[in-house]
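> Model the full assembly from the supplied sequences, consistent with the hints where possible.
Those sequence lines, one after another, are chains Z and C. To convert, note that position 99 of the first sequence is 99 in the working numbering; the numbers rise steadily by one, no gaps. To convert, note that position 174 of the second sequence is 303 in the working numbering; the numbers rise steadily by one, no gaps.
Hints listed in this document are in silico derivations from the structure and should not be mistaken for laboratory results. Don't take each hint at face value.
To be verified - Here's a subset of chain Z near chain C, in silico, CB distances under 10 Å, partners left out:
(1) Lys28
(2) Lys44
(3) Val45
(4) Arg46
(5) Ala104
Unchecked claim - With a straight-line cut-off of 20 Å between C-alpha atoms, the simulated SDA-like cross-links for lysine to any residue are:
(6) Lys28/Z x Glu145/C
(7) Lys134/C x Glu129/Z
(8) Lys318/C x Thr102/Z
(9) Lys86/Z x Arg314/C
(10) Lys41/Z x Lys134/C
(11) Lys28/Z x Lys134/C
(12) Lys287/C x Tyr308/C
(13) Lys134/C x Gly38/Z
(14) Lys32/Z x Thr43/Z
(15) Lys28/Z x Ile149/C
(16) Lys135/C x Thr43/Z
(17) Lys318/C x Gly113/Z
(18) Lys135/C x Leu78/Z
(19) Lys328/C x Ala170/C
(20) Lys135/C x Glu124/Z
(21) Lys88/Z x Pro106/Z
(22) Lys41/Z x Val133/C
(23) Lys189/C x Asn235/C
(24) Lys241/C x Glu155/C
(25) Lys134/C x Met80/Z
(26) Lys318/C x Tyr96/Z
(27) Lys88/Z x Lys318/C
(28) Lys86/Z x Glu286/C
(29) Lys86/Z x Lys280/C
(30) Lys324/C x Ala170/C
(31) Lys280/C x Met101/Z
(32) Lys241/C x His353/C
Stated by the list, open to error - Ranges between beta-carbon positions, derived for each pair:
(33) Gly210/C x Ala91/Z: 47 to 57 Å
(34) Gly70/Z x Glu307/C: 54 to 64 Å
(35) Val83/Z x Asn217/C: 30 to 40 Å
(36) Glu155/C x Glu36/Z: 25 to 35 Å
(37) Ser208/C x Glu74/Z: 47 to 57 Å
(38) Glu198/C x Gly70/Z: 21 to 31 Å
(39) Leu209/C x Met80/Z: 41 to 51 Å
(40) Val66/Z x Arg207/C: 34 to 44 Å
Note that CB positions come from ideal geometry on N, CA and C, so glycine has one too.
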Amino acid sequence: MNRENTAHREYIKEEKMHEYPITQQIIKISEKHCREAGAEKVTKVRLVVGEYSGFVGDSIQMYFDVIGKGTLCEGALLEMEYVKAKLKCPACGEIYQKIPMTFACPKCGEDGGPTEIGKEFYIEEIEVE
Amino acid sequence: MHDVKKINVMEGIHDENDHIAEHTKEHLTDHGILVVNEMGAPGVGKTTTLKNIIRNLDLKAYVIEGDIESDIDTRDLRSLGIPTFQINTFGACHLDAPMVHNMVQNMMMEEKGILFIENIGNLVCPAEFSIGEHVKMLVSTVTEGSDKPYKYPLAFEKADIIILNKVDLIPYLDFDEEYFMKGVRALNKEVPVFKVSGKTGEGFPEVAKWLEERAARLFEEEHHHHHHE
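If you want it as structure tokens, here you go:
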């Protein structure tokens with residue numbers, strides 16, 4: 001491991017970053033369900049992550065690996081399903097994927113309003129053994 | 130070979146945070162305290178906004194200052210006689226419900242009034258975490274540019290009140306108010322937008338009045354609630 005990576009790991013351990021408490025929560029929920037099922041360890045966690053959840057996906061597996069050490073989630077695979085934010089047009093009812101810097105409906109041009117699509121942030125399923 | 134078993138979880142990552150936030154909110158509602166979560170990017174004038182609101186407010190004000198590591202704002206507010214409590218997140222980019230819950234346990238708030246919680250300067254993460262507030266107050270500025278609702282939709286969507294600060298600078302800027310308001314209205318049909326200047330103090334009496342009326346509604350609800358018990 002190079003030096004930069006080590007520094008990053010130290011940073012994670014200092015609980016400073018946005019993803020720390022969130023990743024901790026993912027592990028906590030997974031462990032709880034694993035114990036309830038009388039299983040020994042978690043092998044996979046399936047997350048549903050909306051665009052507006054604020055959870056940055058790219059390096060999550062790394063955070064998960066570091067924070068998960070010594071927990072029932074150690075070595076588990078984190079699988080993520082991303083959901084893009086969608087808007088609903090108040091004029092024609094069209095539900096469409098938001099594109100950056102505009103809210104305009106692709107069908108009629110009216111500005112669409114927010115929906116709950118893209119705000120998901122939950123554990124759908126885990127696999128245990 | 131071990132048996133692999135699938136477990137249907139369907140549990141939200143923020144459920145626990147939201148649960149704690151709900152608890153804080155109930156506790157403070159019982160004590161006649163309206164909780165305002167103040168959010169905005171660094172430098173929009175969050176502390177100055179609080180000072181100006183409190184100066185115009187006919188209600189007791191309490192403040193929790195969230196900062197990454199300094200207590201400059203807390204000392205500033207305390208010097209004006211405002212009971213202010215400090216939360217340092219030491220790097221974290223937002224306040225969460227447990228931090229506020231722990232702080233509120235140790236605060237003496239004997240008089241009814243408003244608790245302002247100044248969140249960490251950041252337009253992204255604070256919008257995602259409930260901390261026990263009745264009101265999300267977003268501070269935006271004409272200096273940030275009129276495209277902010279388009280770039281940070283969640284903060285504008287969730288706001289219960291929007292303060293547009295630094296309007297005294299409009300003559301020197303290319304702030305497009307129509308474009309700004311078009312974005313705000315697409316995301317949030319009803320939210321009141323108050324144009325203010327922390328420098329001249331204009332607009333703040335109206336903001337204070339709005340908050341007083343919101344607090345009065347809370348006290349009213351609370352009164353009825355106790356009456357029926």
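> Compare the structure with each hint and give your call.
So, going through the hints one by one against the coordinates:
| no. | hint | result |
| --- | --- | --- |
| 1 | Lys28 | holds, 8 Å |
| 2 | Lys44 | holds, 8 Å |
| 3 | Val45 | holds, 8 Å |
| 4 | Arg46 | holds, 8 Å |
| 5 | Ala104 | holds, 9 Å |
| 6 | Lys28/Z x Glu145/C | holds, 11 Å |
| 7 | Lys134/C x Glu129/Z | holds, 6 Å |
| 8 | Lys318/C x Thr102/Z | holds, 16 Å |
| 9 | Lys86/Z x Arg314/C | holds, 17 Å |
| 10 | Lys41/Z x Lys134/C | holds, 11 Å |
| 11 | Lys28/Z x Lys134/C | holds, 18 Å |
| 12 | Lys287/C x Tyr308/C | holds, 19 Å |
| 13 | Lys134/C x Gly38/Z | holds, 11 Å |
| 14 | Lys32/Z x Thr43/Z | holds, 14 Å |
| 15 | Lys28/Z x Ile149/C | holds, 16 Å |
| 16 | Lys135/C x Thr43/Z | holds, 10 Å |
| 17 | Lys318/C x Gly113/Z | holds, 9 Å |
| 18 | Lys135/C x Leu78/Z | holds, 14 Å |
| 19 | Lys328/C x Ala170/C | holds, 18 Å |
| 20 | Lys135/C x Glu124/Z | holds, 10 Å |
| 21 | Lys88/Z x Pro106/Z | holds, 11 Å |
| 22 | Lys41/Z x Val133/C | holds, 10 Å |
| 23 | Lys189/C x Asn235/C | holds, 18 Å |
| 24 | Lys241/C x Glu155/C | holds, 14 Å |
| 25 | Lys134/C x Met80/Z | holds, 19 Å |
| 26 | Lys318/C x Tyr96/Z | holds, 19 Å |
| 27 | Lys88/Z x Lys318/C | holds, 13 Å |
| 28 | Lys86/Z x Glu286/C | holds, 13 Å |
| 29 | Lys86/Z x Lys280/C | holds, 15 Å |
| 30 | Lys324/C x Ala170/C | holds, 17 Å |
| 31 | Lys280/C x Met101/Z | holds, 6 Å |
| 32 | Lys241/C x His353/C | holds, 16 Å |
| 33 | Gly210/C x Ala91/Z: 47 to 57 Å | holds, 52 Å |
| 34 | Gly70/Z x Glu307/C: 54 to 64 Å | holds, 56 Å |
| 35 | Val83/Z x Asn217/C: 30 to 40 Å | holds, 34 Å |
| 36 | Glu155/C x Glu36/Z: 25 to 35 Å | holds, 28 Å |
| 37 | Ser208/C x Glu74/Z: 47 to 57 Å | holds, 50 Å |
| 38 | Glu198/C x Gly70/Z: 21 to 31 Å | holds, 29 Å |
| 39 | Leu209/C x Met80/Z: 41 to 51 Å | holds, 47 Å |
| 40 | Val66/Z x Arg207/C: 34 to 44 Å | holds, 39 Å |
Checked against the numbered hints listed earlier, the structure breaks none of them; every hint is satisfied.
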